[in-house]
Amino acid sequence: SSSCSSLSLRLSLSVSLCLTETVMDTRTATAELGWISFPANGWEEVSGYDENLNTIRTYQVCNVFEPSQNNWLLTTYIDRRAAQRIYVEIRFTVRDCASIPSVLGSCKETFNLYYLETDRTVSEGIKGVEYWANAPFLKVDTIAADESFSQVDFGGRLMKVNTEVRSFGPLSKGRGFHLAFQDLGACMSLLAVRVFYKKCPSIVQNFAFFPETLTGAESTSLVIARGSCIPNAEEVDVPIKLYCNGDGEWMVPIGSCSCKAGYEPDNGNVCRACPQGTFKSFQGAGLCQQCPLNSRSTIEAATLCGCRNGYYRGDMDKPEDVCVPSAPRNVVSVVNQTTLLLEWNSPRETGHRDDLSYNVLCRRCHSSERRACQPCDDSVAFVPGKRGLKETRVEISKLRAHTSYTFEIQAVNGVSNKSPYPAQQLSINITTNQAAPSVVPIMHQVSSTSRSFSLSWPPPEQPNGIILDYEIRYYDKVTSVLNSSVVRSETPNVVLEGLRPGTGYAVQVRARTVAGYGAYSKDMLFQTLTDDEYKSELGQQLSLIAGSLVGGVCIVSLVAIAIICTRPDMFSGPTPTVTFPTLSEGHSSPGVKIYIDPFTYEDPNEAVREFAKEIDPSCVKIEEVIGSGEFGEVYKGRLKPVGKKEIPVAIKTLKVGYSERQRRDFLSEASIMGQFDQPNIIRLEGVVTKSRPTMIITEFMENGALDSFLRQNDGQFPVIQLVGMLRGIASGMRYLAEMSYVHRDLAARNILVNSNLVCKVSDFGLSRYLEDDTSDPTYTSSLGGKIPVRWTAPEAIAYRKFTSASDVWSYGIVTWEVMSYGERPYWDMSNQDVINAIEQDFRLPAPMDCPVVLHQLMLDCWQKDRNARPKFPDIVSMLDKMIRNPASLKAVKPLFSLLSRVSSVEDWLAALKMTQYRDSFLGSAASLCLRLTLLTCQVCVSLAGQLAGLLVG
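In my numbering, the protein residues as written are 58 to 1010.
The hints are simulated quantities; they were obtained by calculation from the structure and are not laboratory data. A couple of the hints might just be wrong.
[Claimed, not checked] Computed Cβ-Cβ distance ranges for the label pairs, DEER-style: (1) Pro705 x Gln347: 39 to 47 Å; (2) Gly573 x Asn486: 22 to 30 Å; (3) Pro498 x Glu680: 42 to 50 Å; (4) Arg450 x Thr587: 54 to 62 Å; (5) Arg666 x Gln502: 28 to 36 Å; (6) Gly231 x Ile281: 19 to 27 Å; (7) Pro227 x Gly91: 27 to 35 Å; (8) Ser454 x Gln889: 50 to 58 Å; (9) Ser436 x Asp898: 23 to 31 Å; (10) Asn402 x Asn486: 15 to 23 Å; (11) Arg444 x Glu680: 23 to 31 Å; (12) Val713 x Asn942: 30 to 38 Å.
The beta carbon of each residue, even a glycine, is placed where N, CA and C say it ideally should be.
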């Protein structure tokens, strides 16, 4: 229309047509218009012709010979149809006042345009002067003619027609309106009146459809229109919108869509399906491509071309990569400890090429989740190599013991170079066996004399199991290794004696596990002192300690014997029991660190700040979900502290929408862990509390929970390996007992295992279960508590009496779990049945192939009297003896296990079948004091003489 520009470019961003919607047009009227006029001799409706000789209905007025004219013309009711701004196009003619003879000064060549908002039609009976004088009309404009006429031609056609367009708004007070025309003394005709509003047309732009949209209330208004993607298109940027301006034109596009994978743009705003034989693997503006070599697509809208028979594409290949030969066949693997031999057959199809080669990819997996794999590190050795192999075999060494691996063998040829992993592969999963430990990296000299020196060394980087002992080989550096001497040590230190003064020695060390000895370390040279050097150093030290040592030993010995001999009652009555000092429950010896309960702090956050290090979240990288906890997800990730090496970590997160109490309970575990520092306790790396999500970060344990790890490796470990695991758990619990910390939830599920099979105690949050409700049957008792019944001592179930002794009971259950390879304690018995059975002195039987000494240890831990149970230091000592003496781990019951249960002299004699000697043994006690006194004096004199001789020498 004449009121809209035909084409418009706004801000160089959009091109669109303007649309109008007509709500009234007198040119289409075929009957009387029926408008209201006032006064009666004012406006008059007549029929006439337009400039094209079409019949029209017009209104005219020409009262120019009478002064003070005020002629009103009111249109019928016009529905605005939700438009907020209305446009009026008026075609009219005006007689030139100068062409009218004898006209007074009241002649005009203008008229006024008004409008009246309303919800209903104005009554036709309103004709009073007062109404028209005070009507609530709103003036639009005074309209003047650009051209006026002075006469009418003989054909009756009106000459010099004027066209004017006016707009008004905003309209909001009613559903419609009336137009009013006021004549103040003109000679004129209204030839046509058209009322309309503007809108932006429906349009497809940037592959999004925008519907028709009405313009705003003002000419400068911008109305937002939301778009939707056309068929077979998807959003790229959101939100998708255009702005409709006051002239009905689109402008300022925001957001866009693009054609889906399998569809290409056509004619700008249509997404056409890719025809057969082509594909498009991505969303966007790209066009369909022809299928790569040796592939085809048999459907429209293909996102990938399938390989032809005999040709394949690997899982990691790109869709545009060509298909390559088929996969290798019939792979054979031979595992020898930590070395693997792989052999395979060539592919059936080679793509008619003779440039075939093979790649071997290695990934190390976690036993608890085979999908959680990562590339092998550079220490793994491939012979003859791992890429570009021409032969169908490879030897892989330096793998980790007891570790799961996935190997992929790829066939590659000359057309496979478009992808970094360009082949169909054959995969195989293997688990390495037990293996000897790796080489000890270095040794350090602790001290030296003229005929000895003391050495220490760190354990191997890859122990591949529990280190049983070390073998140390040494020889004079001027002689051959064939003349070397060998000693053994159960600890990573040794004192080499019987050496020559002032001589250099070459020393090597190697570690032993149940799999045997590892390789010797490289030669390291150490020097003994000369006699003069040693005497000078020793004389200074002995002169300071000789007197105090001799005097102290003698005085202490004589005082002790005097006390015994002056109390004859000690040898009467029951035989005294020999005891050893241990830490009492809830207390600690001087100098030992004491555990502090974080809930004793008035502000629990203070405990977190004191015991846990705050970590910058930018140093934490979350990689994958590995489980879920009570408070949120558990992830595997990596921690890169500033200036330190990146390490793998486990990340516990606090779920969204937590309460303050949940946050306190979540962080309380970090406040507890942060107080512990021991190799068999899970290590806290730090916390993230100043950003979201809240995180607890600990060391990463590759093999996960002990119970599931054992179930997945049922029967795979020798007994001594299992004993080594139990020793580690006992060592961690000994540390906790010394800290006066009671775990309350010791179970195999709460023991974590790393890649070297080191077991570490974790999960320090059972206090939550003692307070909060939980639906976990593991922590439910019919007696009303929330405790792990199958692992808990009777006094803890009945009286909530949790002590280190109740932890010892739980340790006995853990020992049973380990020896049974993760079986559920008490099998399918209910919790109440378990409680009743224990009260009736039922105890779990020995698992299959369990040594008697280990089952006896379990029974000792399950003594009903908690004071009769062994302490954790005792348990560690017993396990150490078993490891040093593997023969004790037989089915035959050794003597010391029988004697370990005696508590008096009578019991000991009865165990030896010698009760007939009881009176004689007790009767000889009187002479024991004299013998002890004489022996002590002889020892003191002898010691004094030896020290004096050293000083003189």
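Right, here's what the structure says about each hint:
no.: 1; hint: Pro705 x Gln347: 39 to 47 Å; verdict: holds, 45 Å
no.: 2; hint: Gly573 x Asn486: 22 to 30 Å; verdict: holds, 26 Å
no.: 3; hint: Pro498 x Glu680: 42 to 50 Å; verdict: violated, 29 Å
no.: 4; hint: Arg450 x Thr587: 54 to 62 Å; verdict: holds, 58 Å
no.: 5; hint: Arg666 x Gln502: 28 to 36 Å; verdict: violated, 42 Å
no.: 6; hint: Gly231 x Ile281: 19 to 27 Å; verdict: holds, 26 Å
no.: 7; hint: Pro227 x Gly91: 27 to 35 Å; verdict: holds, 29 Å
no.: 8; hint: Ser454 x Gln889: 50 to 58 Å; verdict: holds, 55 Å
no.: 9; hint: Ser436 x Asp898: 23 to 31 Å; verdict: violated, 54 Å
no.: 10; hint: Asn402 x Asn486: 15 to 23 Å; verdict: holds, 19 Å
no.: 11; hint: Arg444 x Glu680: 23 to 31 Å; verdict: holds, 26 Å
no.: 12; hint: Val713 x Asn942: 30 to 38 Å; verdict: violated, 55 Å
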